[in-house]
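Please model the complete structure; the sequences and the hints are all you need to start from.
Below are the chains, spelled out letter by letter.
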Amino acid sequence: MRVQVKLFAFFREGRFIKEDKELPEGTTAGKIVDDLSIDREEVGVLMVNSRHCTFETVLHEGDIYAIFPVIGGG
Amino acid sequence: MADKIFRVNMTDLSTSIEDVPAEWAGHGGRGLTSTIVAAEVPPTCHPLGPNNKLVFAPGLLSGTTASNSGRISAGAKSPLTGTIKEANAGGTSAQKLARIGCKALIIEGQPQDDSWYSISLKPGEITISKEEKLVGKGNFAVVEDVEKRFSDKIGVISIGQGGEMQMAAANISIKDPDSHIRSLGRGGLGAVMGSKKIKFIALDSGDAKVEIADPEAFKAANKTFTKALVDHPVSQALGTYGTNVLVNIINEAGGLPTKNFSQGQFEGHEQISGETMHDLIVERGGKPKHGCHAGCVIQCSQIYNDIKGNYKTSGIEYESIWAMGADCTIDNLDQIAEMDHILDDIGLDTIETAVAFGVAMEAGVLAFGDSNEMIRIMTEEIAKGSPLGRVIGNGAGNVGRTYGITRVPVVKNQAIPAYDPRAIKGIGVTYATSTQGADHTMGYTIATEILGVGGKADPLSKEGQVELSRNLQIATAAIDSTGMCLFIAFAALDDSTCLPSLIDMINARFGINLTANDVTNLGMTILKTEHAFNTAAGFTNLDDRLPEFFEIEPVTPHNAVWDFTGEEIDTFWNF
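If you're matching them up, the sequences are chains X and Z in order.
FYI, numbering that gives the first Met the number 0 numbers position 60 of the first sequence as 59, with every residue one higher than the one before it.
FYI, numbering that gives the first Met the number 0 numbers position 412 of the second sequence as 411, with every residue one higher than the one before it.
FYI, nobody ran anything at the bench for these hints, they're computed from the structure.
Be aware that a few hints might be false.
Claimed, not checked - Restricting the straight-line Cα-Cα distance to at most 30 Å, the calculated cross-link-like pairs of lysine-lysine (DSSO-like) are:
#1 Lys5/X - Lys288/Z
#2 Lys208/Z - Lys226/Z
#3 Lys5/X - Lys455/Z
#4 Lys17/X - Lys258/Z
#5 Lys5/X - Lys286/Z
#6 Lys5/X - Lys258/Z
#7 Lys5/X - Lys461/Z
Structure, rendered in structure tokens:
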């Protein structure tokens, strides 16, 4: 299945901003984080299709998946 | 030397330095400005008339070495909302006022003629002077000239042309450590200062220092407090990307109000994002990390240079970038920085003014995305007080009424900031119930709904949102009284050492024994004091509502509408 993965803030350093990835069915949000060598402790927010999700969330064909470090502002 | 109340009467140009009444002694910052306004300003007065008062107060810890304690509060009845108002900013003035020994500066009355004045404060001394030279000038010229007259160490509080013309979007500018500008942004307090014919206030604290009752305990508490701030990952991201790190995440969540609140995502988000801004700043030799006041350890401000590497603006915030960017569909950071600089100089709130432009674009006054025309209107119309300039400079609600527009994002006539309440519902509760009109900083539910700080809440669900907003509004009212930057809240929500060490510092400063419960009670008392003022000014629960279009126009991508009932919102005040 194809999933678009988007990275933000310093997660982009040495990686990418946006990439379409071919992934096996049943891939979880957490597995993608691990495969990108991102420390789960550093993850602040995960979203699939503009909704918050968890490391356990299973992705599907055509999903847009966004990974953010712990950030804030306001 | 005990702190005093400095009072200036602009009707007869008299001054006095008074002992602090016992009932004001435990207050600082917002708690004190709201307490004084509630005690001394008739709620039904005209905000620009002689009976309104403009109050400045440093926070309880301002002027000390406490990290991030440099916020100054200003309060009055707001000409924009008609409610009580407090706005706070960084810069150097909070520290100067505190070291002068000024617990609050109260400006009352109004000159009977057309003369303009300045005020200068020193320890134990208030001087009122006539001012001619700087009338009609922008804030940058004022700061430059006042520094030449006094010294570059002087604190400066000033208004630009917007405040002079008493526009409801006018802010009050506070000089920062680099002689640039921070803003007491919201609610038109610059118009109140203009109505009292005060162009600037100069603050000279000399070598004076704030007394600490227990210096050793203070130092120890500050060390713990500072560590909590520095160690929190949000602080670290703020120092790198500024508050503008939010553009991409709020866009991703579908809550970035775009094209005058007609969409929840902006195609040009990446071009105006914190990530892009960081790279541009570094490329042009600016500073991505910069403090708006001495002692800030978070440093979310920045120095933004233009394409030639020359200084353009400082402390360009997410809300400003969103308002001039996504809300007006402008995807060019250089144009946004230019407008930020112009609005700082004229002295207008970037949120109110840019949202007013968004409504004007909806009305066809100018095209969406036309930043050149925005810049022309700012410099040729608003700064010069033309009829169109005054229509826009009096805020988003005014533009909507003038042109017959129904999609006007305001609560109590104050422009809604950078988070769509249909897609992020908790912040809608804050907009609706805030004592001061729509204002995200009053109860920043975004931390929990979007950023996962201080727990989690589903932004598209109503569940728990009233309680979340209530708890945050109570905590915020207390934090706004300490002189602390609100960004200590991220650490305070997650790190159990942060708030106790803050309370320890207040106790060590004054030699008192506040507990966490006392601080919560302080927050509740402030909210109730502000709410009672508004009630006496004629506001009811029916004013605690969002504009109708949020209920009937679904916003993409979630096709969400605002679905709180009035009864649900009204439970906010059950405490």
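Going through the hints against the structure:
1. Lys5/X - Lys288/Z: holds, 25 Å
2. Lys208/Z - Lys226/Z: OK: Lys208/Z and Lys226/Z at ~24 Å, within 30 Å.
3. Lys5/X - Lys455/Z: Holds - the C-alpha atoms of Lys455/Z and Lys5/X are around 22 Å apart, at most 30 Å.
4. Lys17/X - Lys258/Z: Holds, because 25 Å separates the two Cα atoms, which is no more than 30 Å.
5. Lys5/X - Lys286/Z: holds, 27 Å
6. Lys5/X - Lys258/Z: holds, 24 Å
7. Lys5/X - Lys461/Z: holds, 28 Å
Violation of the numbered hints given earlier is absent; every hint is satisfied by the structure.
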